[in-house]
Amino acid sequence: MLIIRKSDYETLRKHGEETYPYECCGALLGTLKGADRCVVQVVRCDNTRDDRPQDRYHIDPKELIAIQRQATQQGLEIVGFYHSHPDHPAQWSQTDLAEAHWIGCSYVITQVEKGSANRTNSFVLVGESEDDKHFQNEEISVAAVEEDQPLCH
Amino acid sequence: MSLKVNIPTPLRRYTEGNGMIEVSGSSVASALDSLLQQYPVLKKQLYTEDGRLRSFVNVYLNDEDIRYLQKVDTVVKSGDTISIVPSIAGGLSSV
Chain V
1 MLIIRKSDYE TLRKHGEETY PYECCGALLG TLKGADRCVV QVVRCDNTRD
51 DRPQDRYHID PKELIAIQRQ ATQQGLEIVG FYHSHPDHPA QWSQTDLAEA
101 HWIGCSYVIT QVEKGSANRT NSFVLVGESE DDKHFQNEEI SVAAVEEDQP
151 LCH
Chain C
1 MSLKVNIPTP LRRYTEGNGM IEVSGSSVAS ALDSLLQQYP VLKKQLYTED
51 GRLRSFVNVY LNDEDIRYLQ KVDTVVKSGD TISIVPSIAG GLSSV
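Protein sequence lines correspond, in order, to chains V and C.
If you read the first sequence in this note's numbering, its first letter stands for residue 1, the second for the next number, and so on.
If you read the second sequence in this note's numbering, its first letter stands for residue 1, the second for the next number, and so on.
For the record, the hints were derived by calculation from the structure and aren't laboratory data.
Remember, it's a predicted structure, so these values are computed and weren't measured experimentally.
The beta carbon of each residue, even a glycine, is placed where N, CA and C say it ideally should be.
Check each hint, because a few of them may be wrong.
Unchecked claim - Sample of chain V residues with no beta-carbon within 10 Å of chain C, all distances over it, derived:
#1 E17
#2 A117
#3 N121
Said to hold, decoys possible - Taking lysine-lysine pairs in the DSS-like style, the calculated list, with each CA pair at most 25 Å apart, reads:
#4 C/K43 <-> C/K71
#5 C/K4 <-> C/K44
#6 C/K44 <-> V/K62
#7 C/K71 <-> V/K62
#8 V/K133 <-> C/K4
#9 C/K71 <-> V/K114
#10 V/K133 <-> C/K43
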């Protein structure tokens, strides 16, 4: 399960509306609690695919290193990523799977329909290696918890 | 030469949960060899069967992509940090 504050959930959905008709992308920082990923912070990233941002996204590895450093300093780790699908369902595509390499992390996809965030789904990348990796549907638990209150116990 | 390798979340299950590993070496290649000596199971995750770094595995020396330096032959010095960063990308169609 992906556990996320309502405010963070809205942040990542709103990001997709802001970049429409282009794809947005970002990272989810948090902690791993057994099989759950607990999101503590949403980090917006730039989509570097200037050639076709309407149906592709890519995060600069240098930006990821900075995010990873920031996470470590805060005692967190990267637990997932998000991106949007402008005018397409919130389902992973073959391209998403082929380009997904963070096994054990969540991949959150928001469908943005005519500029408005519609459905948001999450998928965990599971498997032992590149050879058998696959996406598994993941429930999203949106918690109405204030910023200063603990999200996961 | 003592330096550190930053391990990303998905590979930490192969390093007993450690996110920062101390290694030795005089080049990126020898530092990565030192990493694999400690955690041999990482090899399959980082390299293809013919011994090349997998295309989606980005390796940075401090803040520089080694592809734009001397690749794995890049010289390292004490206190450097090597970061392994699997790429993050995707898109909604396969065309």
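> Should the label of V/N121 as a non-interface residue stand, given a Cβ cut-off of 10 Å to chain C?
Replying inline: Correct as stated: the minimum Cβ-Cβ distance to chain C is 13 Å, above 10 Å.
> Can the restraint linking C/K71 and V/K62 be considered satisfied, given a maximum Cα separation of 25 Å?
Replying inline: Since the Cα atoms of C/K71 and V/K62 sit roughly 16 Å apart, the hinted pair holds (cutoff 25 Å).
> Does the structure keep V/K133 and C/K43 at a Cα separation of 25 Å or less?
Replying inline: Answer holds: V/K133 to C/K43 is near 17 Å, not above 25 Å.
>> Please verify that the nearest CB of chain C lies beyond 10 Å from V/A117's CB.
In response: Holds, since 15 Å exceeds 10 Å.
> Within a Cα-Cα threshold of 25 Å, do C/K43 and C/K71 meet the stated pairing?
Replying inline: holds, 18 Å
>> For a C-alpha distance cap of 25 Å, please report whether V/K133 and C/K4 respect it.
In response: Cα-Cα ~28 Å, so violated.
> Do the alpha carbons of C/K4 and C/K44 lie within 25 Å of each other, as the hint requires?
Replying inline: holds, 20 Å
> Is the straight-line distance between the alpha-carbon of C/K71 and that of V/K114 25 Å or less?
Replying inline: violated, 44 Å
> If you draw a straight line from the CA of C/K44 to the CA of V/K62, is it 25 Å or shorter?
Replying inline: holds, 24 Å
> Can we trust that V/E17 is non-interface, i.e. its beta-carbon lies farther than 10 Å from all of chain C?
Replying inline: holds, 16 Å
Of the numbered hints listed earlier, those contradicted by the structure are 8, 9.
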